[in-house]
Each structure stands twice: as C-alpha cells, then as structure tokens.
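Q: In case you want the letters, here they are:
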Amino acid sequence: MNQVLLLARRSVTRTLRQPAMVVPSLIFPLLLLSINSSGLDSATRLPGFPADSYFQFALAIPFVQGALFSANSAGTNIASDIESGFLNRLSLTPLRRVSLMLGQLTGILALGLIQALTFVVVGLVFGDGIEAGPGGVVVLVLLSLTISLAFGAIGAFVALRAGNGEAVQGAFPLFFAVLFLSSMYLPRNLIDIGWFHTVATWNPVSYMLEGIRSLLLAGWDGEALALGFGCAGAVAAVAVTAASAALRTRMVRT
Amino acid sequence: MSDAAIETDGLVREFKKGPRAVDGIDLRVEPGEVYGFLGPNGAGKSTTVHMLTTLLPPTAGRAWVAGHDIVEDGPAVRATIGAALQDAALDPFLTGREHMKLQTALHGMRGADAKERSDTLLERVGLVQAADRRVGGYSGGMKRRLDLALALVHRPRILFLDEPTTGLDPQSRSALWEEVQRLAGDRGVTVFLTTQYLEEADVLADRVGIIDRGHIVAEGTPEALKAEIGRPSVEAIPQDPGQLAHTKQVLARFGESVTGSPKGASVRLSGGDAQLAEVVRALDAEHIEIQELQLHAPTLDDVFLAKTGRSLEGEGEPAVAA
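Chains as they are written, first to last, in our numbering: chain P, 1 to 254; chain F, 1 to 322.
Hints may contain errors.
[Unchecked claim] Chain F stretches covered by chain P per the calculated footprint, using a threshold of three residues with CB under 8 angstroms from any CB of chain P: (1) 54-67; (2) 70-76; (3) 95-104.
[Stated by the list, open to error] Covered by chain F, according to a simulated footprint, are these stretches of chain P (three or more residues, beta-carbon under 8 angstroms): (4) 14-24; (5) 74-86; (6) 92-101; (7) 237-244.
Derived from the structure by calculation, the hints contain no laboratory data. C-beta atoms are modelled at their ideal positions from N, C-alpha and C, and glycine is treated no differently.
Take the sequences, apply the hints, and build the full model.
A: Next comes the structure, spelled out in structure tokens:
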C-alpha cells in the first residue's frame with residue numbers, strides 16, 4: 001500500500017509541476033463550455049430539448065473532456081518514464097507491477113478529482129445548480145472519477161504498448177473524435193442524421209455524458225446513472241486489464 | 001551455486017529480425033573486482049548488462065550474479081545489485097532528495113533510517129547543496145552522481161555501471177572515477193563497468209574484457225593485454241606537411257602502419273623500441289625535418305586493433321543502448 005501511495009504521490013507531483021499539462025485540462029474544457037454555451041444557446045428552443053440554458057446542458061462536457069486530458073497526461077508521463085529509463089530503475093527495486101499500475105491509476109484519480117471539483121464549482125457559480133442536490137454532487141464526482149480512470153487507463157495502455165510519447169499525442173485527437181461522435185452537443189433523440197444517431201447510440205461516451213447530465217438536469221435517474229457508470233466502468237475494466245497486460249510485457253524482468 | 005560475483009556460461013541474446021547482440025559470452029568476475037567491459041558502440045555491452053541485471057531474459061546460456069541464477073532467481077539478484085544504466089534514469093520534475101526518498105522507500109527503508117541513508121549518499125556524491133532542486137536543472141555530471149547514489153541506496157554488493165561517464169566533462173569524469181575506486185577499494189563492492197573509453201578501462205579496471213560484435217575477443221588485466229601486443233609504435237610529424245607521404249614511406253620500412261595523428265605517420269615497430277634510433281637515422285638520411293617524434297607504449301586500443309582489425313578510438317558517442 002505504501003508503494004502505491006508513493007507512486008501516486010510522485011505521479012501527482014510531477015504532473016502538478018508541469019503547468020502545460022495541468023492548465024489545459026482545466027482551461028480548455030471551460031473555454032469550450034463558454035464558447036458553446038453562448039454560440040449554441042438557440043438549441044434550447046428545439047422542441048424536446050431538456051434544458052432552458054445551453055450552459056447547463058453543456059456543463060457535462062468538461063467532465064469528459066477533462067478525463068481525455070487525463071488520458072493524455074497519464075500516457076505522456078508513462079511514456080516519459082519508459083523513454084528515460086525510469087521504468088527500468090523501478091524494475092530493479094522490489095516494486096510489484098500491480099503497485100506500479102495502482103500508483104499510476106491513483107495519480108490519475110487524484111488529478112481527476114481536482115478537475116471534477118473545479119467543474120462542479122463552475123457549475124454551481126455560473127449555472128443553475130445541480131438538480132440532484134448535495135448527494136448528486138458526490139455521485140457526479142464519483143462518475144467523473146470513473147470516467148477519468150477509464151480514459152487514463154487507455155492513455156497508460158497506449159504509452160505502455162508504444163513506449164513513446166508521440167504515440168500518446170497521436171492518439172489524443174482520436175479520443176476527441178470519439179467525444180464529438182457522441183451526444184455531446186445534442187441529446188440523442190434530437191440528432192436527425194441517421195448515421196450520426198447510430199454512432200452516438202453505440203458510443204459509450206454518450207452514456208457517460210448522459211449519466212452526468214441526468215444529475216445536473218433531471219435529478220435522480222437510475223437508468224441514466226446505471227448506463228453511465230456501467231459504460232465508464234466497463235471501459236475502465238477493459239482499459240486497466242489491457243494496460244496491466246502491456247505493463248507485464250514492458251516491465252520484463254526475470 | 002557459483003562463488004564468483006558474476007559468472008556467465010555461453011550467454012546469448014538474439015533480437016527478432018536482428019543479429020545476435022550477445023553471442024555466447026563466458027566470463028567470470030571475482031568478488032571485489034572492478035571488471036571493465038570495453039567495446040565500441042553496438043558491441044553488446046548494454047545488452048549484457050541488461051541480462052545480468054535481470055531486465056532482459058537471455059535467449060540461451062546461463063548466468064549467475066552473487067550466486068543466483070539470473071533467470072530462475074531474479075528477485076534475489078536484484079536484491080544484491082545496484083545499477084546505473086546508460087543515460088541517468090531520473091525524473092526531471094522531482095528533486096534529488098525526492099528521488100532518494102522514493103528509492104529508499106521502494107527498498108523498504110522507513111523514517112530516520114531512510115533519511116540518514118539519503119543524507120549520507122547525497123553528501124558522498126556531493127549533492128547536498130542541490131538536493132532540493134529539480135533534477136531537470138542538474139548538469140550531466142550531477143545527474144550521473146545522483147544516479148550512482150540511487151544505485152547504492154540498498155548497499156549492493158555488486159554494482160553495474162553502464163557507460164557511467166559518457167558525455168561528461170573531464171572534471172565530472174574524474175570525480176566519478178574517484179567514487180568508483182573508493183567503492184571498490186574501501187567497501188569491497190564488485191563493479192561491472194561498461195565503457196567505450198580506453199582510459200577509463202585502463203584507470204579503473206582490475207581486469208578488462210574486450211567485446212566486439214557480441215563476442216569477447218580479449219580478456220585480462222590491462223597490463224597483460226598490452227604486454228600481449230608487446231611492440232610500441234612510433235609517430236613522426238614532419239615539419240613540412242608536404243613531406244608527409246615521404247615520411248610514411250620511410251616509416252613503412254620499420255613496421256605496419258597504425259592509426260595516429262592525421263599530420264603524421266605512425267607505424268608499429270616490428271623490432272620493438274630498439275629500432276627508434278634507426279628510425280631517426282633513416283629520416284635524417286632522407287632529409288626529412290621532424291617537428292615531433294613520439295614513441296607510444298601499446299594501449300588497449302592497440303589490443304582492440306590487433307584483435308578486431310579496427311580501432312576503438314573515434315567510434316564516437318553512443319546514440320542508443322547497444
């Protein structure tokens with residue numbers, strides 16, 4: 001447990017000491033939220049739109065976008081450890097692989113918590129509050145952390161497989177494409193274009209967004225939350241398993 | 001169980017779609033010995049170190065470190081060894097002290113014991129003043145010294161140093177040499193040192209193994225290896241550069257040509273240093289004015305040249321791990 005905490009602390013420390021990695025993960029999602037909420041406010045006049053303010057509808061997006069930045073920072077940090085030989089240094093200590101993986105993931109969660117709390121505060125200050133109340137905030141943060149874990153583990157997997165930061169940077173736009181192909185800008189029932197609607201329906205990110213959105217807009221919606229946690233949890237489980245397997249291959253020691 | 005500090009038997013590492021980086025190495029390093037593993041870039045030095053430190057499984061052959069089989073008993077090997085691998089593996093965003101704290105904790109040290117060990121090692125490598133600065137701002141020499149301190153945290157009996165002074169300025173190189181000599185001399189640590197610097201192997205190593213293309217081509221004390229080559233070389237630099245070709249012709253009468261200054265002619269004296277007077281007379285007879293005449297005792301580069309037909313000098317800085 002001590003090893004996990006040590007590595008988590010190192011992961012958080014080194015990330016916090018790189019403003020270029022922390023600031024964009026907080027600023028860009030909020031900047032996009034600001035632009036989208038002013039530019040797309042007329043969407044609220046569509047029949048069936050679930051909110052009176054586009055800001056309140058779009059507030060779910062930063063939570064997922066922040067998680068995408070987590071993927072980038074987790075992957076970049078791991079790739080840097082591989083390229084610098086730091087992973088070899090760790091391999092020569094009695095460190096267990098599972099501790100290394102848990103340490104990295106705990107680091108991702110710690111940063112995810114900072115992001116989630118920032119976005120909650122922004123929502124409370126500039127939005128219409130959180131419909132599900134104080135308990136909803138707790139669930140919202142938990143869901144956000146699960147999403148951070150899912151994307152962070154994908155970033156870790158890419159870094160461990162490829163062993164270089166370029167691959168992580170190359171994968172980053174793909175993550176955003178997946179986000180854009182979800183119910184990010186409109187509820188799925190209002191997406192008219194057939195192929196887009198189909199892709200958004202199969203895209204697990206839609207359900208992550210809708211889980212968060214349900215807490216912000218509707219209060220307690222068991223189905224939306226189950227789907228949100230289910231999709232985020234499933235992606236996290238697959239990604240953590242894949243990242244662990246990649247670490248086993250990467251951290252070869254006899 | 002082997003009683004040697006390090007022993008290998010036909011150690012091989014073959015990479016997919018690549019040549020055999022290490023091709024059947026047999027070596028034995030005694031406890032307390034400083035063993036210099038000398039070879040050019042890509043010779044197989046780092047691959048050997050990676051296998052001996054359990055980071056890379058061998059394709060064939062066996063090896064024992066501190067009596068433990070490197071394949072079957074990796075954790076026991078790792079508990080006994082310290083390693084500073086090529087390119088100091090440090091986190092530029094952590095301070096020197098934070099590195100020590102992490103390393104001591106990962107080796108199971110706690111509280112006052114860990115702090116005392118960290119402070120002792122930071123002091124020994126001269127990094128107390130810089131301990132709370134981020135490593136990203138350290139010089140190459142400071143990074144190497146921190147790397148060495150980290151490798152020593154758990155008091156290893158065997159230390160692997162993979163090209164520890166590559167890229168360092170002479171002062172930093174000399175400081176690291178002193179530390180290695182102190183470790184081996186005062187503390188009886190066995191040191192397995194890879195290098196492509198002849199002087200480093202000559203100064204530090206009790207015995208040298210010369211590796212080329214995955215094979216050990218020569219092994220022994222630096223003195224014995226040089227004595228094996230025996231004959232010295234002479235280098236003559238003419239006053240008038242236009243007489244260089246003529247100087248080469250004259251010197252060619254006394255032995256085979258060897259690599260030397262581009263301004264001069266160099267040959268290995270077939271009859272030993274007794275021929276030096278004849279060389280001077282022959283040059284004088286040909287009216288060649290000499291700016292500089294030097295007699296060189298055999299070097300490890302001569303040994304390498306004799307064994308491989310190539311010179312180690314001028315191989316350049318390593319680009320990637322061999």
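Q: Each of the hints needs a verdict: does it hold here or not?
A: Hints versus structure:
Beta-carbon proximity to chain P at under 8 angstroms applies to 4 residues in the region 54-67 of chain F; the threshold of 3 is reached and the given coverage holds. Residues of the region 70-76 of chain F with a Cβ under 8 angstroms from some Cβ of chain P number 5, which satisfies the need for three, so the listed coverage holds. Here the region 95-104 of chain F counts 3 residues with a CB under 8 angstroms from a CB of chain P, which clears the bar of 3, and the coverage holds. With 3 residues having a Cβ less than 8 angstroms from any Cβ of chain F, the region 14-24 of chain P passes the three-residue criterion, so the hint holds.
Three residues within the 8 angstroms Cβ limit are the bar, and the region 74-86 of chain P against chain F gives 4, so the coverage statement holds. With 4 residues having a beta carbon nearer than 8 angstroms to a beta carbon of chain F, the region 92-101 of chain P meets the requirement of three or more and the stated coverage holds. For the region 237-244 of chain P, the proposed coverage by chain F is not satisfied: 0 residues have a C-beta within less than 8 angstroms of a C-beta in that chain, short of the threshold of three.
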